[in-house]
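Participant: In the order they appear, the protein sequences are chains A and B.
1 is the number of the first residue of the first sequence in this note's numbering; add one for each residue after it.
604 is the number of the first residue of the second sequence in this note's numbering; add one for each residue after it.
No lab work stands behind these hints: they were computed from the structure.
C-beta atoms are modelled at their ideal positions from N, C-alpha and C, and glycine is treated no differently.
The reader is advised that the hints may include incorrect statements.
Said to hold, decoys possible - Listed below are the simulated DSSO-like cross-link pairs for lysine-lysine, each with C-alpha atoms no more than 27 angstroms apart in a straight line:
#1 B:K671 - A:K495
#2 A:K579 - B:K827
#3 B:K827 - A:K332
#4 B:K827 - A:K58
Claimed, not checked - Footprint (simulated), chain B over chain A, 3 or more residues, beta carbon under 8 angstroms:
#5 17-25
#6 80-93
#7 237-244
#8 251-264
#9 269-282
#10 589-598
There are 2 protein chains.
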Amino acid sequence: MPKQYFDFNSLKFMLYKVHDLPGILSKAHFAEHDMESIDLFLNSVKDFSDQELFPYLKEMDEQPAIFKDGKVKVHPQVKNIMKKGGDLGLIGTPINFDDGGLQLPLAVHTAAYYIMDAANNAVPGYTGLTLGAAELIVEFGNDALKEKYVPNMLSGDWGGTMCLTEPQAGSSLSDLTTSAAPQKDGCYKISGQKIFISGGDHEYVDNMVHLLLARIEGAPAGTKGISLFVVPKYKVGEDGSLSPNDVATAGDFQKVGQKGYCTTHLMFGEKGNCQGWLVGEKNLGLKYMFLMMNGARIAVGRGAAGIIEAAYQASLEYAKERAQGRRLIGGKKNLEEGQTLIINHPDVRRMLLMQKSISDVSLSLVLLAARYRDLSENAETKEERDQYHLLLEMVTPMVKTLPSEMGITSISNGLQVLGGYGFCSEYILQQYYRDIRIFPIYEGTTGIQSLDLLARKIPMADGAALKLLSNEILQTIKAASTYEGLKGYGEQLSKQLLQIGKVLGHLSSFAKAGDFERSIADASIFMDYFGRIVGGWLSLDLAVKSHQAILTDDKSFPASMYEQKIHTMKYYFTYELPKCEGLRAILMNKEHITIPEQSTVFS
Amino acid sequence: MPKQYFDFNSLKFMLYKVHDLPGILSKAHFAEHDMESIDLFLNSVKDFSDQELFPYLKEMDEQPAIFKDGKVKVHPQVKNIMKKGGDLGLIGTPINFDDGGLQLPLAVHTAAYYIMDAANNAVPGYTGLTLGAAELIVEFGNDALKEKYVPNMLSGDWGGTMCLTEPQAGSSLSDLTTSAAPQKDGCYKISGQKIFISGGDHEYVDNMVHLLLARIEGAPAGTKGISLFVVPKYKVGEDGSLSPNDVATAGDFQKVGQKGYCTTHLMFGEKGNCQGWLVGEKNLGLKYMFLMMNGARIAVGRGAAGIIEAAYQASLEYAKERAQGRRLIGGKKNLEEGQTLIINHPDVRRMLLMQKSISDVSLSLVLLAARYRDLSENAETKEERDQYHLLLEMVTPMVKTLPSEMGITSISNGLQVLGGYGFCSEYILQQYYRDIRIFPIYEGTTGIQSLDLLARKIPMADGAALKLLSNEILQTIKAASTYEGLKGYGEQLSKQLLQIGKVLGHLSSFAKAGDFERSIADASIFMDYFGRIVGGWLSLDLAVKSHQAILTDDKSFPASMYEQKIHTMKYYFTYELPKCEGLRAILMNKEHITIPEQSTVFS
């Protein structure tokens, strides 16, 4: 196993300086925290991850979660992770003090979980989904539900899940059919099945609290008739006693990656005896769920960012130790020389720089989204709240997608750095290559996120969100323009930015002519294109802030780190951003290649 | 499991029409064959693959090759594959009748093995490497070696391997240290270890014949001092009896993919008692091996092409059966409608078309290389031989690399088509995603192939190979220009072709200024760039020949297949070729981002 799975200096630099944690902490809501307490908290998360997560990464892959005798068996370390994670407050990081949480900014929560993701990417789901489920109850549930469930979840004694997907509906939530029949006592009788339920069942918690989407009898069709319920595995008596609630586990999906993380198939009410309690109002379930889902989407991007970084550290360590071949200097190789370390081969260096730049951009993007949410929720004026809310909405599909998609490429390159060993189970890269593959699927596939970006977020509020984001980018370009060494990169970004309007104009011309399907058919290409430009912005922003730190002789972090950030930005602008030229050429096409009626049937 | 793993019509169209098998068969060397006998042969290979390979694809993954008690255990089906493959002549397809083979064109061999690769991608290595080892003996060995080893290899009773890689040398063959000490009886005492030896040891053959690279004592340093030896696991007595030859198996590498295929670590002469027999002349071993290696590189591309196609078929089948969501027509979804098949969603269709186009281009490329070799080896004039030889040399690094690299993207998209199920072990896509990952590493990594392309093949014979290839491309453009519907695509390709010189001029300007390392530092990007243009050519060629078949009402294949080929070309020109714009922008950079002295140290 590699010695290191993330770069703490880089994380702190991004959180503290680049994404201005002091600015977030200055909000009244966070008055109990200061930079020192946050630093201690993150250090404790690193210790926890060093001890409880990273050492089990490979073992949990080799001893996957399985379904046997009607039960899901997971690695026993899950018990420690839930309990010690609960003790550390990790199941309640952003939840208010009053509700038993740490009342931390989402940016800090994101940084903390990023460390855990990098250490053992599947495992933070056990605590993280429990937290998500608890948040839904805190946010929308009544006091009875809160009291009954939340404290046991935050302590790690009970787990929590999100139950959305059904076999016949997949991503199409309007087609879900799990039903809820009102009972006299105010609760509902639940009947249906849910699949792909992460962390859905295991023996290391005493109860499992499912936050489940279902239709109340007679509810409107589609997404407008979906309500949210708390459906525990065991019903909780007045005295706290637990009794079965007719929630059965039908199986555990065996997967190619994240094998330590159980993914269950659950049956609700097979015996007609499963009770659920409504959360909030009827038929608003999807709205509630989507508030959480936006957080979940940041969490998916964060998970991908964590694996990307861990894979980078593993490739880097190998490349610094492995000698092979010779450099070609002066056109000839000198056989008398010993072999050189492979990190000295330009092609290996290119692959490492790709990993590093994608890691930087991914982490910065998830922290950005978290910061937008913190600033929106703690805004002092409505205008400010709306502004950051729009920015958050705008970046959410990208946060979910870019680290996930770029991660596959980045980690595949990371595996290539190791040559034949990269393909061997003994080395960790092959696990990361498998683990990362779920990320473009989790919580809305890339196709769905891309439609969200192009068809909903770009036109949202008459284009106001796009305008706000452009202004943010322009500010960075302006800052870059004041430094001779960075000016050219700002100009490059500026040129790319100017072209976006043309692309959007072209795509919307189809819609104007009534061809809506075609206007969004290339949404996934647009995601890659636009995301790459946003990546350029974040990369330049890192370089600007690093440059400023060098100029002001800021000793908070090593000078070498600042230099590296600038060089990594140069890599991105030289090898990643120019791909926009090709993507733009694709987007400007006038064809109907992917529209069924206009393309030949597949044989 | 999917019902289909390749498209026989498409394969036959490409082999028979597009790559003009009749033209190859008209050569004297192939006088015993005709189109009918080839068709029967390919049908028998399909039957063999249907019965002996495809049904074991998943099982061999789930019961991987392992090392236990000093022995490598592989799936028992390997026995049938070797014996029945031998009976079918598959271990001697291109070998002359006189040496016990079928004396078939390499193009036919390639088509036959492509079917097997698509059926069960790791398994054709068992017969294929045995064939490769036998070919080396036939080509360069003396009669005694031929008589002793070849018949038992061709029958599938004995296996064969290629032993190149050593732990300390990896891809750097100049650094290999396995030694050969001359003995009085004309043989050599071998000492050393070899790693990553595919099919290196198992119980289902009676002997294993290793073709091994080693240094004879006192040989020159580097690649000029390497000789080739036959080193059998068991020595063969005059009476045919077998006795141990001090070849021990130290382990079997556990891998993330191709798990049914053993990858061994072999120790030669640990007890000082391992005998090897020189093949051909001293110190020419690498030259011999590279003749074979070029064939092996076509074989790697072919294997990747096979998996790409099998993955496409699996994704396609799923997309045609799975209903989910609704189309967006007229800007609204109609919930009253039932869900649509996912193949009707433009984004899914785009992913399928990507898979299909990459499959077409990959298969056409491997058949092209095989055809070049057939035409070179059977040329009637020296000029013709040299010409096809140059073309073969030119395309070899691309054949190895493009299907391998594009395959990762293509199969990853194929997995995405299945959504969450794609990540589940129950479905085959996840296995293909793992299996394909070795291809950019096998037989010279992408980095090495790219250096070969840019630094050796492009400048080879004063650029004559590049010129020949350009002429081939121009011919296709000319043919396209005569059809109204294809003309525009030819023009697009022509524009791309014209830019290559500019890119090469830029890269060579570094070399002219003495900076050789920088001039080839972006070789992998060049491979992607140049390969995409070559892919465009092959795609257009398929479309031209399909169009001609429609015009002449050629009923050899279904008209729908011709239409599909044309549409797939349109996909490639709309979504894949334009990426060259971005890649060219990258290649034209003047920076030294990846050169060690000019980039900051990694932390």
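Participant: Would you mind marking each hint as holding or not holding in the structure?
Facilitator: Each hint tested on the structure:
1. With a C-alpha separation of about 61 angstroms, the suggested pairing of B:K671 with A:K495 is violated against the 27 angstroms cut-off.
2. Between A:K579 and B:K827, the direct Cα distance comes to roughly 42 angstroms. Violation of the 27 angstroms bound is thereby established for this hinted pair.
3. Between B:K827 and A:K332 the CA atoms are separated by roughly 15 angstroms; this keeps the pair inside 27 angstroms, and the hint holds.
4. Among the hinted pairs, B:K827 with A:K58 is inconsistent with the structure: their alpha-carbon atoms are about 43 angstroms apart, more than 27 angstroms.
5. Three residues within the 8 angstroms Cβ limit are the bar, and the region 17-25 of chain A against chain B gives 0, so the coverage statement is violated.
6. Restraint check on the region 80-93 of chain A versus chain B: 0 residues with Cβ-Cβ distances below 8 angstroms, three needed, restraint violated.
7. With a threshold of 8 angstroms between beta carbons, the proposed coverage of the region 237-244 of chain A by chain B is violated, since 0 of its residues qualify and at least three are required.
8. Under the rule that three or more residues need a Cβ within less than 8 angstroms of chain B, the assignment of the region 251-264 of chain A holds, with 5 such residues.
9. A count of 0 residues in the region 269-282 of chain A with a Cβ less than 8 angstroms from any Cβ of chain B is obtained; the coverage claim is therefore unmet, three being the minimum.
10. With 6 residues having a beta carbon nearer than 8 angstroms to a beta carbon of chain B, the region 589-598 of chain A meets the requirement of three or more and the stated coverage holds.
In terms of the numbered hints stated before, the structure departs from hints 1, 2, 4, 5, 6, 7 and 9, listed from lowest to highest.
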